[in-house]
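**Q** Letter by letter, the chains look like this.
There are 2 protein chains.
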Amino acid sequence: MPEILGHNFIAGQRSAAGAQRLQSLDATTGEALPYSFAQATEGEVDQAAQAAAAAFAEFRQLSPARRAEFLDAIAAELDELDDAFVAIVCRETALPAARIQGERGRTSGQMRLFAQVLRRGDFLGARIDLALPERQPLPRVDIRQMRIGVGPVAVFGASNFPLAFSTAGGDTAAALAAGCPVVFKAHSGHMATADLVACAIQRAAERTGMPKGVFNMVFGGGVGEWLVKHPAIQAVGFTGSLKGGDALCRMAAGRAQPIPVFAEMSSINPVIILPGALAKRGEAIARELAGSVTLGGGQFCTNPGLVIGLQSSGFSKLLGDLGGHLDQQAGQTMLNAGGLRSYVGGLEHLQAHAGIQHLAGQPQQGSQARAQLFKADARLLVDSDPLLQEEVFGPATVVVEVADDEQLRSALLGLRGQLTATLIGEPEDFEAFAWLVPLLEEKVGRILINGYPTGVEVCDAMVHGGPYPATSDARGTSVGSLAIDRFLRPVCYQNYPQSLLPEALRDANPLRLRRLVNGQWNDDVIA
Amino acid sequence: MPEILGHNFIAGQRSAAGAQRLQSLDATTGEALPYSFAQATEGEVDQAAQAAAAAFAEFRQLSPARRAEFLDAIAAELDELDDAFVAIVCRETALPAARIQGERGRTSGQMRLFAQVLRRGDFLGARIDLALPERQPLPRVDIRQMRIGVGPVAVFGASNFPLAFSTAGGDTAAALAAGCPVVFKAHSGHMATADLVACAIQRAAERTGMPKGVFNMVFGGGVGEWLVKHPAIQAVGFTGSLKGGDALCRMAAGRAQPIPVFAEMSSINPVIILPGALAKRGEAIARELAGSVTLGGGQFCTNPGLVIGLQSSGFSKLLGDLGGHLDQQAGQTMLNAGGLRSYVGGLEHLQAHAGIQHLAGQPQQGSQARAQLFKADARLLVDSDPLLQEEVFGPATVVVEVADDEQLRSALLGLRGQLTATLIGEPEDFEAFAWLVPLLEEKVGRILINGYPTGVEVCDAMVHGGPYPATSDARGTSVGSLAIDRFLRPVCYQNYPQSLLPEALRDANPLRLRRLVNGQWNDDVIA
Numbered sequence: 001m002p003e004i005l006g007h008n009f010i011a012g013q014r015s016a017a018g019a020q021r022l023q024s025l026d027a028t029t030g031e032a033l034p035y036s037f038a039q040a041t042e043g044e045v046d047q048a049a050q051a052a053a054a055a056f057a058e059f060r061q062l063s064p065a066r067r068a069e070f071l072d073a074i075a076a077e078l079d080e081l082d083d084a085f086v087a088i089v090c091r092e093t094a095l096p097a098a099r100i101q102g103e104r105g106r107t108s109g110q111m112r113l114f115a116q117v118l119r120r121g122d123f124l125g126a127r128i129d130l131a132l133p134e135r136q137p138l139p140r141v142d143i144r145q146m147r148i149g150v151g152p153v154a155v156f157g158a159s160n161f162p163l164a165f166s167t168a169g170g171d172t173a174a175a176l177a178a179g180c181p182v183v184f185k186a187h188s189g190h191m192a193t194a195d196l197v198a199c200a201i202q203r204a205a206e207r208t209g210m211p212k213g214v215f216n217m218v219f220g221g222g223v224g225e226w227l228v229k230h231p232a233i234q235a236v237g238f239t240g241s242l243k244g245g246d247a248l249c250r251m252a253a254g255r256a257q258p259i260p261v262f263a264e265m266s267s268i269n270p271v272i273i274l275p276g277a278l279a280k281r282g283e284a285i286a287r288e289l290a291g292s293v294t295l296g297g298g299q300f301c302t303n304p305g306l307v308i309g310l311q312s313s314g315f316s317k318l319l320g321d322l323g324g325h326l327d328q329q330a331g332q333t334m335l336n337a338g339g340l341r342s343y344v345g346g347l348e349h350l351q352a353h354a355g356i357q358h359l360a361g362q363p364q365q366g367s368q369a370r371a372q373l374f375k376a377d378a379r380l381l382v383d384s385d386p387l388l389q390e391e392v393f394g395p396a397t398v399v400v401e402v403a404d405d406e407q408l409r410s411a412l413l414g415l416r417g418q419l420t421a422t423l424i425g426e427p428e429d430f431e432a433f434a435w436l437v438p439l440l441e442e443k444v445g446r447i448l449i450n451g452y453p454t455g456v457e458v459c460d461a462m463v464h465g466g467p468y469p470a471t472s473d474a475r476g477t478s479v480g481s482l483a484i485d486r487f488l489r490p491v492c493y494q495n496y497p498q499s500l501l502p503e504a505l506r507d508a509n510p511l512r513l514r515r516l517v518n519g520q521w522n523d524d525v526i527a
Numbered sequence: 001m002p003e004i005l006g007h008n009f010i011a012g013q014r015s016a017a018g019a020q021r022l023q024s025l026d027a028t029t030g031e032a033l034p035y036s037f038a039q040a041t042e043g044e045v046d047q048a049a050q051a052a053a054a055a056f057a058e059f060r061q062l063s064p065a066r067r068a069e070f071l072d073a074i075a076a077e078l079d080e081l082d083d084a085f086v087a088i089v090c091r092e093t094a095l096p097a098a099r100i101q102g103e104r105g106r107t108s109g110q111m112r113l114f115a116q117v118l119r120r121g122d123f124l125g126a127r128i129d130l131a132l133p134e135r136q137p138l139p140r141v142d143i144r145q146m147r148i149g150v151g152p153v154a155v156f157g158a159s160n161f162p163l164a165f166s167t168a169g170g171d172t173a174a175a176l177a178a179g180c181p182v183v184f185k186a187h188s189g190h191m192a193t194a195d196l197v198a199c200a201i202q203r204a205a206e207r208t209g210m211p212k213g214v215f216n217m218v219f220g221g222g223v224g225e226w227l228v229k230h231p232a233i234q235a236v237g238f239t240g241s242l243k244g245g246d247a248l249c250r251m252a253a254g255r256a257q258p259i260p261v262f263a264e265m266s267s268i269n270p271v272i273i274l275p276g277a278l279a280k281r282g283e284a285i286a287r288e289l290a291g292s293v294t295l296g297g298g299q300f301c302t303n304p305g306l307v308i309g310l311q312s313s314g315f316s317k318l319l320g321d322l323g324g325h326l327d328q329q330a331g332q333t334m335l336n337a338g339g340l341r342s343y344v345g346g347l348e349h350l351q352a353h354a355g356i357q358h359l360a361g362q363p364q365q366g367s368q369a370r371a372q373l374f375k376a377d378a379r380l381l382v383d384s385d386p387l388l389q390e391e392v393f394g395p396a397t398v399v400v401e402v403a404d405d406e407q408l409r410s411a412l413l414g415l416r417g418q419l420t421a422t423l424i425g426e427p428e429d430f431e432a433f434a435w436l437v438p439l440l441e442e443k444v445g446r447i448l449i450n451g452y453p454t455g456v457e458v459c460d461a462m463v464h465g466g467p468y469p470a471t472s473d474a475r476g477t478s479v480g481s482l483a484i485d486r487f488l489r490p491v492c493y494q495n496y497p498q499s500l501l502p503e504a505l506r507d508a509n510p511l512r513l514r515r516l517v518n519g520q521w522n523d524d525v526i527a
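Chains as they are written, first to last, in this note's numbering: chain A, 1 to 527; chain B, 1 to 527.
Everything labelled a hint here was simulated from the structure, so no lab data went into it.
Among these hints, one or two may not hold up.
Note: identical chains are not told apart, hence a pair may lie in one copy or across any two.
[Claimed, not checked] List time: in silico DSS-like cross-link candidates among lysine-lysine, alpha-carbon distance up to 25 Å:
#, residue 1, residue 2
1, 212, 375
2, 443, 212
3, 280, 243
4, 229, 243
5, 243, 212
6, 443, 317
7, 243, 317
8, 229, 375
9, 317, 212
10, 229, 443
11, 280, 229
12, 280, 317
13, 443, 280
14, 375, 280
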């Protein structure tokens, strides 16, 4: 394991120009770990953004296969991160070793998935409309299109996934795959982890001959604003709070040249329990739901924060069972002290609301988060009460009992945009409640049937996105291979000689791409 | 031809609730035409947006083939618009009949192109990752993805294309194809045209059994703000000024739920003339360039507003020839009086600048726009002087003579984002100046070789877009079939029973789509 230097990563070098040092803390004990980090100066942030800009022209023009080599090399380096590394991540985040080992595999798997996307080549979106010199009344000239990277991307590390949504996480992987150099802002909650992962990326970059500046990382509070406002930065990826994401969007929109921000923010992930399932397997649902609510200390973007059911003795029984499971949960150490404060504050807001009742959960005290169950009046949902729409980040959930189908519909229409919605039901439920499906489609990025939203598969078909405030742009996803689309834009080449065309668009089709040629998809060479 | 009622189009009905009437004017004489229009009230704008929202669930769930029928029916109705219609468009815009006839064909062709996109089905982006129940350490559940419309879209008509970028124009076609109902804000410069085209869309909607509210249109100044701020509206399409587009972006970002704005705004479309071409065919280039600068009164988004060449006697000769052609151009009536005022204002700003010299063009007086040629100091480009970056909408162009390759590079780096850039060269030029191509790729949406940017082909490979300020979102295009992407977002279906899945994602593949199944593209049925 390399020494944890704590210096910023700029253009393949380490830099510590400023005087201020930041300390990494043990998440469980709060004590200082023996690692400190150089808060980046404004000059260093500028250098990092300039380094990314300088790398862009070369990096984006590398063949997809070369960029795939780089991603595969990062994956291999991540897999090599050993138990000593895992131990450091665990100390910084209070997450258990098995979770970190799993997340390491997920993070390297994510890099390999994007390497596959690069080798497949469809991300280029190659389209060719051949010249029609005889067309009447006017001839058509040769017109071709493909997508290129938008430019340097600023990525913000998330607190809750020190690997999969951080230094070498999904946003970094998608940006690099798209040909966009990255400037990564390390999260203050796991800076030693970030340093070691950045070293791994650095080794992969050197080994595969990538341009210096393809990956840069800065430490420090407040440096994000310099980064988002830097003219070289062309897009932003972020996972965090609604307040934080909104602030980045405002900064980005206020630039002389506005840029897109892909922020994954706030979601309460409703789970709707339908009557047939309740009757048949209410006890199992209560147990499974308690597991999903408390998994990882409830610190998942897809944590089920809202459970909805139709008023019935069966639903009352489920609430009793769910409360019993949550009552029995041991306390959990949260990712950091700020997270616990924020959780306790969120619980206090719920407790203070006249329309919300505490159903179960041990009193919240000390340094560990206790699971909590609340029940809210259905009218709060129907009237879009803001408190009920806000994510309480931690192992708490709110249940809502609706009187009938009509109130269920009104309650769901009152919901804001979500990452996920879940239907728990039996086949007869899906016949009776088929109307729920299109309604939920308009509210969320992912609908699950008979599952739980925690646990986001990294694959081609995943959508980890959704209408605001789940994300700042419903047209993107931050998990899965479609995430690359956020960092690409189309360019059109009109009447180009073959020699000047990018390989993807040449008649000889050297990349063997499937292309849209005169309105038909084929993988042909153009004769 | 139906009577021009001048009432707003709301949910398949006509509505004129307010007292204020707006007058259509003859663009050439300024006199009132015998048509007046009901300024929409805030209540009517609300009704129009609500009508679009009410139509959304049904419209987006129609099969792509049904939506294609609707677009084809609109195309047929547009083709039926007769000489009397063309005469009205000409009176409202001062554009010649041949141009309007051509634009009519382009507009119906655009509808048919999107109908083809719908029948092809790739816009759905169907992806399927099948369950892997045996996977270690965790099984994978079945996960599928497709794209759906984002919701009701507000579209703003452009002044300069009364048909192709207006009521039934590209943004409307793309939104309808995506399954998004439209609320169209008619441009004040051609309201009678808008009324007749909206009637044509209405007939097509009725004939093909579309839901009421699939298309709505409102008249009036200031109604755009109500529309963009309406909670039912989920995206905005706009073609117009930088100031107007920026204002819409600010409104959209300031909403409780921010929405994307696709604004096509300001571009000066640099044309770079390389030495070999200059030597071989300078005279022809001067003649062709004069034609492109003055085409349609210079009122194209892709009008070449900047001509760049390397200092030489050949380039001086070209400037003389170009000036001669522009001097000889007759005056042209602009689209409206406001356009002429704005053009004259733009010329005055150029004339008042110490670093800019007037080279040719008849004095600007009276009601017609005269073609003008200016020359600017290359340092103005290098230093990104804002005046030189601003589009002067009309038949004027600015030439810049650079000293050498190095100054050429600096000048191009100083440019803001553009819709197009054009290289005029011979094969030996492209060898010597190959470095220009990647530099321009990072600045523009479309690069042309040996052509002129005016005249935008409507096809699959076209990009009419580009980095800010050419557009507000470089990842989109407002011409060509890729424009549909702006109004789609992905939705993921996890562990769905076949009966609940959308047709596009069912195992039996009833739409015969090519889908990404377990990382491989195929058009198979899943056994």
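**Q** If a hint holds in the structure, say so; if it doesn't, say that too.
**A** Evaluated hints:
no.: 1; hint: 212 x 375; verdict: neither (54 Å within a copy, 40 Å between copies)
no.: 2; hint: 443 x 212; verdict: between (42 Å within a copy, 23 Å between copies)
no.: 3; hint: 280 x 243; verdict: neither (41 Å within a copy, 61 Å between copies)
no.: 4; hint: 229 x 243; verdict: both (18 Å within a copy, 21 Å between copies)
no.: 5; hint: 243 x 212; verdict: neither (34 Å within a copy, 39 Å between copies)
no.: 6; hint: 443 x 317; verdict: neither (29 Å within a copy, 63 Å between copies)
no.: 7; hint: 243 x 317; verdict: neither (37 Å within a copy, 60 Å between copies)
no.: 8; hint: 229 x 375; verdict: neither (43 Å within a copy, 34 Å between copies)
no.: 9; hint: 317 x 212; verdict: neither (61 Å within a copy, 45 Å between copies)
no.: 10; hint: 229 x 443; verdict: between (31 Å within a copy, 19 Å between copies)
no.: 11; hint: 280 x 229; verdict: neither (55 Å within a copy, 46 Å between copies)
no.: 12; hint: 280 x 317; verdict: within (13 Å within a copy, 88 Å between copies)
no.: 13; hint: 443 x 280; verdict: neither (28 Å within a copy, 61 Å between copies)
no.: 14; hint: 375 x 280; verdict: within (23 Å within a copy, 81 Å between copies)
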